[in-house]
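Visitor: Residue numbers (our numbering), protein chains in the order written: chain A, 1 to 83; chain B, 1 to 83; chain C, 1 to 157; chain D, 1 to 157.
Since the hints were derived computationally from the structure, they do not count as laboratory data. Glycine included, each C-beta is placed from N, C-alpha and C at the ideal position. Treat the hints with care, since some could be wrong.
[As the list claims (entries may be wrong)] Some residues of chain C that are not near chain D, with every Cβ distance over 12 Å (derived):
hint : residue
1    : 19
2    : 29
3    : 42
4    : 55
5    : 78
6    : 93
7    : 136
8    : 145
[To be verified] For each label pair, taking beta carbons as the anchor points, the in silico distance ranges come out as:
hint : chain 1 : residue 1 : chain 2 : residue 2 : range
9    : D       : 149       : A       : 48        : 21 to 27 Å
10   : B       : 22        : C       : 64        : 17 to 23 Å
11   : C       : 53        : D       : 147       : 43 to 49 Å
12   : B       : 48        : C       : 53        : 28 to 34 Å
13   : B       : 22        : D       : 36        : 28 to 34 Å
Here's the letter readout for the chains.
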Amino acid sequence: MRLDVRYFAWVRERVGAPRETVETGAPTVALLIDELRARSEGHAAAFADTTALRVAVDQALAGFDAPLAGAREVAFFPPMTGG
Amino acid sequence: MRLDVRYFAWVRERVGAPRETVETGAPTVALLIDELRARSEGHAAAFADTTALRVAVDQALAGFDAPLAGAREVAFFPPMTGG
Amino acid sequence: MAADGQAGGTAGRVRVQPEAFDFAAEAAAFAAAQTGAGAVVTFTGIVRDDGGDLLEMQIEHYPGMTEAQIGRIAAEAAARWRLTGLSVIHRHGALGPGETIMMVATAARHRADAFAAAEFLMDYLKSRAPFWKKERRRSGAGWVAARAEDEAALSRW
Amino acid sequence: MAADGQAGGTAGRVRVQPEAFDFAAEAAAFAAAQTGAGAVVTFTGIVRDDGGDLLEMQIEHYPGMTEAQIGRIAAEAAARWRLTGLSVIHRHGALGPGETIMMVATAARHRADAFAAAEFLMDYLKSRAPFWKKERRRSGAGWVAARAEDEAALSRW
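Take these sequences, add in the hints, and give me the full structure.
Guide: Shown next, in the form of structure tokens:
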């Protein structure tokens with residue numbers, strides 16, 4: 001499965017890129033994170049504390065246990081500060 | 001004691017005047033009302049149901065038991081509908 | 001502007017007037033006058049036309065007491081919440097459908113204070129400021145009755 | 001106006017854009033577009049200058065998801081309260097102290113609906129719309145942390 005993975009705010013800064021395409025068989029967001037962590041020191045730093053992270057699957061907020069079957073885009077970011 | 005008595009909204013319409021000056025010795029608002037009621041049929045209609053009325057003494061909201069000693073102006077009106 | 005009554009100071013600006021006012025211009029001037037505000041809330045009351053039934057709304061008030069009473073309400077709001085400013089404008093006289101009756105504006109560092117103060121001001125202006133509305137409708141004329149829920153709203157403060 | 005995203009319909013108008021906007025003009029246009037409204041509430045968020053310490057605020061967002069997510073929040077507000085209309089405008093990009101970040105406007109027959117919907121929209125925009133703020137200050141740069149009370153505010157709805 002080919003996934004478009006996007007990063008925002010300090011997650012983007014730690015990873016060092018706003019997006020990347022990954023080839024993965026991870027069935028859930030949590031297992032995708034385990035794969036991403038191994039990509040670089042920056043990724044490891046970005047995913048060091050997942051309680052500080054929020055996730056969107058195909059542009060809708062999702063949990064870490066969300067399935068990835070059929071998904072095209074997954075995004076990771078800190079808690080939002082709109083308004 | 002000379003009091004300026006003022007009426008607003010439907011109280012004014014029933015009394016038939018926006019204000020009048022009365023000479024009274026009434027020690028409280030409630031006893032002033034008893035005197036005003038006797039002035040005319042219009043007054044009697046205006047004061048028929050005092051639960052529908054609100055009172056201000058010297059331009060501050062007051063209760064029916066408020067003392068009138070030293071007061072210069074008493075006003076009667078229905079519940080307010082501002083905003 | 002020949003305002004009937006105007007009051008400034010720490011509790012904010014209060015105006016009671018028969019003239020129409022430009023809500024947008026007032027809101028912009030209010031926001032521009034704030035220092036340190038992160039949040040501005042405005043409330044505007046408009047004469048509902050009720051599908052063409054309403055012809056005119058006449059707002060009677062108690063000159064002198066109106067300004068004093070709104071001033072007390074504004075001072076209470078300024079004491080309860082951390083505001084950088086507040087403003088109240090309320091018209092009296094004859095208004096047509098769609099016309100702006102009044103507005104309240106509040107500003108604060110944080111939105112919770114600005115929202116709470118605006119709602120407090122509106123609840124008290126509704127039931128504790130000496131205004132009375134008479135409606136002239138195609139179906140007849142009559143004084144607007146106070147609503148039980150408006151009186152009940154005061155109990156939350 | 002070269003808005004990035006725009007959406008209309010019964011849930012209201014949503015705009016996400018880098019351009020500055022005139023809060024007062026938007027509020028006036030919103031109010032003028034209402035039918036049957038007796039109450040209009042606006043909320044405006046402003047970049048606080050914090051005594052000159054703040055130099056610039058950069059607002060990052062998630063194009064596409066931002067519009068979709070605000071649309072969901074607006075639809076929820078439209079379903080929960082009796083509104084005649086609602087509007088959300090939110091900027092992204094670089095903003096200076098005193099600039100308007102965003103505004104929400106709601107209109108309803110009665111003030112309680114307009115106030116509740118505006119507060120609901122603000123609470124959800126704060127914590128559920130994909131925006132992130134980075135501040136550049138004299139004392140250094142950093143991402144604005146989400147506040148625990150903003151997350152807690154959601155539980156009241």
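Visitor: Each of the hints needs a verdict: does it hold here or not?
Guide: For each hint, the structure was consulted:
Once the 12 Å rule is applied to beta carbons, residue 19 of chain C is consistent with being away from chain D; the minimum gap is 17 Å. Look at residue 29 of chain C: its CB is around 9 Å from the nearest CB on chain D, not clear of 12 Å, so calling it non-interface is violated. A cut-off of 12 Å between C-beta atoms contradicts the statement that residue 42 of chain C is not in contact with chain D; the least separation is 5 Å. Separation of residue 55 of chain C from chain D is adequate, the least Cβ-Cβ distance of about 16 Å exceeding the 12 Å criterion.
Residue-level check passed: residue 78 of chain C sits 19 Å from the nearest beta carbon of chain D, beyond 12 Å. The Cβ of residue 93 of chain C lies farther than 12 Å from every Cβ of chain D, with a closest approach of about 18 Å, so its non-interface assignment holds. No Cβ of chain D approaches the Cβ of residue 136 of chain C within 12 Å, the least distance being about 17 Å, so the stated non-interface status holds. No beta-carbon of chain D is positioned within 12 Å of the beta-carbon of residue 145 of chain C; the least distance is around 15 Å.
Under the hint 21 to 27 Å, the C-beta atoms of residue 149 of chain D and residue 48 of chain A, about 26 Å apart, fit the expected range. Separation of residue 22 of chain B from residue 64 of chain C is about 19 Å and conforms to the stated range, judged on CB atoms against 17 to 23 Å. Between residue 53 of chain C and residue 147 of chain D, the C-beta spacing of about 47 Å keeps the proposed range 43 to 49 Å intact. Take residue 48 of chain B and residue 53 of chain C: their Cβ atoms lie about 30 Å apart, and the range 28 to 34 Å holds.
Distance hint check for residue 22 of chain B and residue 36 of chain D: the Cβ-Cβ separation is about 46 Å, which falls outside the suggested range of 28 to 34 Å.
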